Amino acid sequence: MRVPSRRAGGVRLLVLAVLVAAWDVGVRAGAIDPFYTSAPLPVLATAVRWVTSGYIVGHALATLGVTLVGLASGMLLGVLVGFAVAFSRRVERVALPFLAAANALPRVILYPLFVLWLGVGPLSRVVLVISLVAFPAIFNTQAAIRSVDREVVRNARVLGAGGPQLVRHIYLPAVAVWLLSTIRVTMGFALAGAILGEYVGAVRGMGMVLAFAQAMFNAREVMAGTAVLLTLIWIVDFGLRAVERTVTRWRMMEVV
3 MRVPSRRAGG VRLLVLAVLV AAWDVGVRAG AIDPFYTSAP LPVLATAVRW
53 VTSGYIVGHA LATLGVTLVG LASGMLLGVL VGFAVAFSRR VERVALPFLA
103 AANALPRVIL YPLFVLWLGV GPLSRVVLVI SLVAFPAIFN TQAAIRSVDR
153 EVVRNARVLG AGGPQLVRHI YLPAVAVWLL STIRVTMGFA LAGAILGEYV
203 GAVRGMGMVL AFAQAMFNAR EVMAGTAVLL TLIWIVDFGL RAVERTVTRW
253 RMMEVV
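Heads up: the sequence shown begins at 3 in our numbering, then just goes up one per residue.
Calculated directly from the structure, the hints in this document are not laboratory data.
Some hints here could point you the wrong way.
Distance windows between CB atoms, simulated [said to hold, decoys possible]:
{"id": "1", "residue 1": "220", "residue 2": "91", "range": "55 to 61 Å"}
{"id": "2", "residue 1": "100", "residue 2": "74", "range": "22 to 28 Å"}
{"id": "3", "residue 1": "78", "residue 2": "244", "range": "18 to 24 Å"}
{"id": "4", "residue 1": "97", "residue 2": "44", "range": "32 to 38 Å"}
{"id": "5", "residue 1": "60", "residue 2": "99", "range": "41 to 47 Å"}
{"id": "6", "residue 1": "36", "residue 2": "179", "range": "43 to 49 Å"}
The structure presented is a predicted model; accordingly, all values stated were derived computationally and were not measured.
From the three backbone atoms N, C-alpha and C, an ideal C-beta is built for every residue, glycine too.
With the hints as extra help, turn the sequences into a complete structure.
Here is the structure:
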């Protein structure tokens, strides 16, 4: 498994190198206007200067903090509601129409209301992230629980398993893999929500950095900020992959 993974990683690095080289050649040849995209070396120099001076670290941590708090809170809320909907037909009949309608509503348009109610601080951004993350978690949790083989549940009950044992040994392993896939998908939503909130109004965060650079028509800093964000996403996704492998092994042990 490691050889294909390393090979895939090498291919990704090669593709990235080709894209950066094409960008640099395009700027040098005059095919790309550096006013709109800058050039790779100035962008890299800016990113390195930000990191070494510590300027970007506080902004990145602020964005990452809002993202992770909102993601964790949204996933927890989604799991709790998903369990309630999956285990109670009455709750499902009452709540599902409202959940479906709320899920269809673009939550981004609610952000001005969050700011009005909660202020321009981190809390309004966390609530925005929660609203983006919770609904996929609700529906995926419900689907994961409903996908559990009823025969397995009946056999476990015959062997004396009660509610806590069923949740611990049957339902949680089934939900865990679904939720990890949901987290990896909704991580982008969470980060986008945090950045959007910072872009609209914040004194710290990557969204504020990008908004300030855009207001100054500074393509170099916009590209450098984007590069820092992509690096953050890669680091978080790498961590989630490691957690996913661990949870998958745990689920296999529970099944056995």
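Original post:
Does the Cβ distance between residue 78 and residue 244 fall inside 18 to 24 Å?
Top reply: With a Cβ separation near 21 Å, residue 78 and residue 244 satisfy 18 to 24 Å, so the hint holds.
Original post:
Falls inside 41 to 47 Å, the C-beta gap from residue 60 to residue 99?
Top reply: 44 Å, holds
Original post:
Is the gap between the beta carbons of residue 220 and residue 91 within 55 to 61 Å?
Top reply: Hint holds: Cβ distance 57 Å, inside 55 to 61 Å.
Subject >> Distance restraint hint 22 to 28 Å, applied to the beta-carbon atoms of residue 100 and residue 74 >> reply: 24 Å, holds
**OP:** Evaluate the given range 32 to 38 Å for the C-beta pair formed by residue 97 and residue 44.
**Re:** 53 Å, violated
**OP:** Indicate whether the distance between the beta carbons of residue 36 and residue 179 respects the range 43 to 49 Å.
**Re:** With Cβ atoms ~46 Å apart, the hint holds.
The structure does not agree with numbered hint 4 stated previously, though it agrees with all others.
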